[in-house]
Amino acid sequence: MERWIDVCVVDDIPVRGSRRTRFNGVEIALFRTSEDAVYAIENRCAHKGGPLSEGIVHDCAVTCPLHSWVFDLATGKARGADEGQIQTYPVEVRDGRAVHVRFPAR
Amino acid sequence: MPKQKLVIIGAGMAAGRLLEHLFETAPDAFDVTLFNAEPRGTYNRIMLSPVLSGEKSYEEIVTHDDDWYTEHGVTCRFGERVVAIDREKKIVSGENGDVPYDRLVIATGSNPFIIPLPGHDLPGVLAYRDADDTDRMIEACKPGAKAVVIGGGLLGLEAAAGLRLRGMDVTVLHLMPTLMERQLDPSAGYLLEKELSGRGITIRTGANSKEIYGKDRVEGIRLDDGTDLPASLIVMAVGIRPNVAVAKNAGLDVGRGILVDARMQTSDPSIYSLGECVEFEGNCYGLVAPLYEQAKVCAAALAGSADQAFVHTETATKLKVTGVDLYSAGDFTDGDDRDEIVFRDPARRIYKRLVLKQNRLIGAVLYGETSDGAWFFDKIRKAEEILPEARATLIFGQSFAGGAPLDPMAAVAALPDEAEICGCNGVSKGQIIGAIDKNGLCDLDGVRACTKASSSCGTCTGLVESLLAFRLGDAFAAPAKKTVCGCTDLGHDDVRRLIVSQQLKSIPAVMQELGWKTSCGCAKCRPALNYYLIASWPNEYVDDGQSRFINERVHANIQKNGTYSVVPRAWGGMTTAAELRAVADVVDKFNIPAVKYTGGQRIDMLGVRKEDLPAVWADLNAAGMVSGHAYGKSLRTVKTCVGSDWCRFGTQDSTGLGIKLEKMMWGSWTPHKVKLAVSGCPRNCAEATCKDIGVVCVDSGYEIHFAGAAGMEVRGTDLLTKVTTEADALEMCAALLQLYREQGFYLERIYKWSARVGIEKIQAQIVDDAENRAALYARFLDSQRNAQTDPWAERASGQKDAHEFSELVLAE
Ligand code: SRM
Ligand SMILES: Cc1cc2nc3c(=O)[nH]c(=O)nc-3n(C[C@H](O)[C@H](O)[C@H](O)COP(=O)(O)OP(=O)(O)OC[C@H]3O[C@@H](n4cnc5c(N)ncnc54)[C@H](O)[C@@H]3O)c2cc1C
Ligand code: SF4
Ligand code: FES
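Line order of the protein sequences matches chains A and B.
Counting with full-length UniProt numbering, you get residues 1 to 106 for the letters of the first sequence.
Counting with full-length UniProt numbering, you get residues 1 to 812 for the letters of the second sequence.
Don't read these hints as lab results, they were simulated from the structure.
Treat the hints with caution; some may be incorrect.
[Unchecked claim] DEER-style ranges, computed between Cβ atoms:
1) B:Asp66 <-> A:Trp4: 43 to 51 Å
2) A:Gly49 <-> B:Ala618: 28 to 36 Å
3) A:Ala98 <-> B:Asp67: 40 to 48 Å
4) A:Val93 <-> B:Arg715: 25 to 33 Å
5) A:Ala98 <-> B:Pro39: 32 to 40 Å
6) B:Val83 <-> A:Ala98: 29 to 37 Å
Backbone N, C-alpha and C fix where the C-beta goes; we use that ideal spot for every residue, glycine too.
Chain B on its own, in the form it takes in the complex (with noise of 0.2 Å):
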């Protein structure tokens, strides 16, 4: 039988793989034409990253060489684009000339994505697909030199940390929060970002960018915050797109890829397609695995046989950066029919995830140590049961799977003497069972005393519990402990202190470092955490507004109607004809139903519609009202009576006073909400004796009051002090405010703080400690810095979360 005509489009990794299997199964069935716009045949594509960082060369990574392709009869016309494909005729034609064919493959993979950004074909911008690019970006290598790299997916760090090895200056932009959001989670992403970082690698999250300028070739790069980064190099790694010209002109069935069934085949019997190129199901691929198993089956098909299908599999991912230990696979999503188990090892930066749907693993991910990764992802493939008994040890991968299934209990005792407990100071399950008997210890502060175990970071609390429960027996009893929630066995009062003494400082840090046992922690800590982060670094924390209630992500009151209030600042309680009148306007204007005082001596507008925020919030501050913060846990307000302006009893002035508090205090964040008042003499109009912080002007001065409550529970308040300047008034009151937010827990009003904390202690702190009150002092107002923008203004312009205030119109 003579030998059939076969041309193959695009000599790529797929193709490689296709040809290989098919000279195995049918050696002699084709005359094999292969064209490749590169100007040269099959190499490793995946490989070029090692090429780039200088760990390996180009010659390495070349899978298929000139004798290769003489020994197999293949005509190659390298550095030739096909430009058609004439199905009447079954001719394809080159730049130079056209060949004709029996079957025809095309497997012309994908094309990288160039944002149209202005300046993007200026020399200098590349792209990172194949090997001219690599070798361009190698010729840009000037160490100290600086590079951009647009992209924080898996090619833009491989670029980054080539670029960061051949000694340039290296800058990652990404749009989104997180590295690699597609292939990890939050934490993970955490992780990554604090090891590139660590080889200085600068990470900017969140980075848009605007344009990029340059005269002959790029000078930088542009962000639209402003941000102006030069850079003698841009890459461009945002993603690629199935290369479908070709085919498409041809007239065959495309949709994001050229369409294919489970045999390869186009919608042209005699064409055939695999690769990037191709879209099977719904699906594309970007991964060499899947496109592998196309390669068998396109080549059994064209050897005639009909019995192999292709069909969609997950895929796993592995950052090929040395030194960087990180496996994605399957399916990772969170969903209600899923369970997670997830395992921290902050001391080894080892974050472990693994899904579950219906008992059977879906998807993993792991950093820092990924030897158990394969044999995750074949259970994920094969979709093995994993059985009850196996599934808390689950974790710890294949070398624990084996033997015996374990409780908690058990694999303490498993673990040999020599075993790590303590990582932060470095203290052995020998070390301690020995102190527990020689000492006699029968609790965890015993043992924290004598080993320190448990002592730092606390996250190995669980184990050393664990190791007392299990020498001890029934005469260990675990201690109940408040936690914050069910994400983690902390309490407050140890997260604060950690998240200062580990310098945490984004909330993936602190779920990492504490070992929070949820990925992304819930609706309770996520609020908490976020204050904590906020009180604990004003000058450097990025406030997380998806971890806020909606109150305080769109600074108004939400209504049972999905309505919003809005209550502008009245300082001291004070307003006056032009306020009050733009208030009017604004209730008309707007057809807002309903206009209240509050108890708090402020006006409240009721029931505005949600789209009408921005709107009603530009029109009140341009009457010059700003928020009265009236949904925050932040301070509320400051009641003040008339005082010695007006008042014949008033011995001081109140009023100023009062809007002194409120001017000074506005805008900051606290542990729940605070309310002041100040009062002119002891009759005590302003109810100071009942708030949060009261004060209550005298004679001889100033009576500072606090911690009393008139909600839920109704107390007096108790006398913190006494004072007799004005001055002396306002650092006394900051000094506690701003105690009251390095120490309140999340939730906890400033009765409940000073009841846990006693009064003494308190006083101890900000009345004879005249020092520490001025560091306090000072403190607030260096946090304060950073807390006075009115948050309306920032919406009313349009400039901060306007997807907020705004519905998806559907393109019907």
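So here's chain A without its partners, still in its complex pose (with noise of 0.2 Å):
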């Protein structure tokens, strides 16, 4: 069965900022936007499995550390000439601060 985990506090996170979890194995990076909004994603770029928590965060998108190729943070899609998608994770902010992701059946 899915389920969800409550991770951390918002507050953990950095602004524009990422932090890395690992569940099941799989390294998933948090982000955090300048406007407060969380998301989870597998912490593996679509190019050359770079690892996106390195990267610059700005509004809805983080630019990988490695080659720049730039995510959305909700779809976990390319954007621009790239092609690719990662994995992503639904996530609530609960109380206005506890930080619950979903994660799949193991």
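Got two chains here, separate frames each, mind docking them using the hints?
Here's what the structure looks like:
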């Protein structure tokens, strides 16, 4: 069954920054935008596996640190001319602070 | 039919509205008993802010007075808290006795959240929720006395503005980097901060409170960075929690709030609930508009009609501080499926941002001019489709929308002659058109020279170009200009110049005052702006780590597999047995897979795990080694040869000079990386003549070379000048570096900068003008005072950016 896990509080993630976590062996990056929206996405660039958590966050996107592909955090899709999509995970911020992420069944 | 007994717990704004609807729809259905913990009936809580500021009296904000309750036969139990509900017997227990009910409504609102800091219970520490809090604040007001407000949200800022109007010296502490971050984006937050600061309110963002102190009452507050702020009044406005205690104890279903269905019914069919205490489909509310909807639905439900249902809708916020125009509504987060329309008028301090999704408006932030707020909000709520023709002018609001759709050209054509185009210089459309016609102007520079329009901040450049195009038709060819990125029409030169001339000191300030077209920039412009701000305001600007590329953010070089490489400084390429031993120990201890001598005379440890970085640095620090900045747009290496110390041809102490240069320049941020070398004689073993700055020692002194390259382009240096003493060589090199720091465009190496501005111009400023050289040198040394802290030591101690080096562990 899918389940929601209370991962952290919003303030654990820097504004326009990220944190990494791991579920079932998959590395996941949590991002927080300048408007405090939180997104969870697999921490593997669709290009050559770069760690997206290390990229620069701007509007609702992150620029991969290795070769500057840009991915939308909400959909996981590459922007612009590049093609590719990364697994995203639903996130809910409860009580205005607790970040819950929905993970798939094991 | 005998009247049913209706008991209501809480006489707040939701309950007040409920009663009004109920007496309208079913005037004779109920015998009402109304409990309220506050010793009064319903008043307009949201107007407490004008009461605090002295703009209104309490009497003016009462909505239901004694006469109203008498007239409607309501039994008032004010000043009495309900302590329990017995659902089986259907009895409510107040502090002064029980009341039976047929139907019960819980409208207990919410409680202000109090941060449990040491000292939070001292007298003089207040929340801001009800009329009593407001009275206590007014009592505590003494002109000139100090107040601290914790929380830079809606409530906190209204409290701060009110206290300030009463003459208090007010400081607002806000944890986040920008004010009201839940309702505003950083651009609007910046404008708000500027406005409030202008009113004498001190705003401290990123401020984390540690403890409140005082003997018998509050005397001040300390922050976790050690700052001590004396205060005789502290107001906590950091958020609210639904007040669910009574409901929870009675065994009703409660989540964050009391769970209700679309008819406001709780898990017990005889009990209803509404207001800030409820949770509906996962949402809790903190503004009155949705609560008024709930009141309507709840009244209908109580009166037995089932045809009304509450639906969740977006809310809009306005800050009630006289003179501050600010409006935000809906959802204004970014997304791939969304686009934004941004309008900025720096001269009038206006910022507007609309967010659209699938051609529908879903969010709006307005600052400085909010008259269209309600119009936008209406479109958001109705999810009205925005037709492509209407899109271009949507941001100009209602008055523009009725007319024919306009393209930018038609829009300038439609402007009246007296419309102001250039806010800085007060130039109207008529004046510009007049100047074009009279003087036969055909380009932007002509208009600038004749009218001064677009010559100051430059943000009206687009408008002036449209006017030229409108007047001249095809005869006007808009200049192709290289802009910083797609977020702005300005080039690097304009941005650098305006940051200084307009004293812009933060990224949101630059974006607002220079009319950025996006709300928070992109991966291209943010690192550039961060650098320009550091270079322009070395003693003031607070570095924005999130606007730096990962290498500079974590002070190591990212590798293709996500590990990092670590390059310690080796001053002038020298090392010692102790340092080598420490490197060897670190390599063993952390299982570092590769060690390499670099092309720049340093040792590189490759493949370090990110989590290990702080510990690796701690060990290197312990052996006296610091960051080599191998990752930065900053001073990299200073290569040297052995020089007069050992070499039979050496003319000067090239190693010593290299070390002095590196010790003087390390830690400085530059437009691009900077590499130096010092050779002891013209044989040039240190390859000084292909470096950004190269010194070649000769018998009679030092040749200073610059603008070499040996990467993507190979280019021998140009000779800048020759000096006779080591001290002169140091001054000359530092002045050159500082000139580059002040003039270079981001990502422009020294050789490209030199090609752009010209070698002669550079020589004129540094070699020929001794006074200017000395001033550049002084500015460089000044900026180095704050730059020379080892970034590794700060992080190895866990003081800075600890979140970078640890993963979040899931509690599964
Ligand atoms: C480690 C090193 C190679 C080595 O093993 O020897 C190296 C490694 C990298 N170089 Fe280099 N360069 C190294 C010496 C050089 C040299 C020779 C020198 O410094 O004397 C040059 C030519 C001189 C010059 O800079 O003009 C050189 C010209 C470049 C360039 C081209 C710059 C240009 O404007 O043409 C880049 C790309 C860039 O910076 O944009 C680059 C970029 C890089 C990067 C940062 C690529 C990257 O972004 O990941 C490499 C980082 C590896 C790492 O993680 O440590 N590296 N690179 C050398 C480190 C020197 C040091 O001790 O600091
Ligand atoms: C200073 C200030 C400014 C605001 N500005 C705005 C604004 O500009 N716009 C906006 O939309 N909203 C604003 N709000 C929020 C708005 O006031 C609330 O959303 C609204 O008042 C909530 O109504 P309510 O009836 O749910 O709760 P409340 O109005 O809080 O009423 C709850 C009542 O229940 C009583 N009570 C609680 N427990 C018990 C018990 N056990 N027994 C008996 N009585 C009990 C309380 O004493 C209280 O009087 C502001 C709030 C404040 C404090
Ligand atoms: S070039 Fe000159 S200083 Fe360098 S090693 Fe050779 S002799 Fe010595
Ligand atoms: S790995 Fe992300 S862009 Fe290449």
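Going through the hints against the structure:
1. B:Asp66 <-> A:Trp4: 43 to 51 Å: With a Cβ separation near 49 Å, Asp66 (chain B) and Trp4 (chain A) satisfy 43 to 51 Å, so the hint holds.
2. A:Gly49 <-> B:Ala618: 28 to 36 Å: holds (30 Å)
3. A:Ala98 <-> B:Asp67: 40 to 48 Å: Roughly 46 Å apart at Cβ, these two residues keep to the hinted range, so it holds.
4. A:Val93 <-> B:Arg715: 25 to 33 Å: The hint (25 to 33 Å, Cβ to Cβ) is violated, given that Val93 (chain A) and Arg715 (chain B) are roughly 53 Å apart.
5. A:Ala98 <-> B:Pro39: 32 to 40 Å: holds (36 Å)
6. B:Val83 <-> A:Ala98: 29 to 37 Å: holds (30 Å)
Going through the hint list in order, the structure does not satisfy hint 4, though it satisfies all others.
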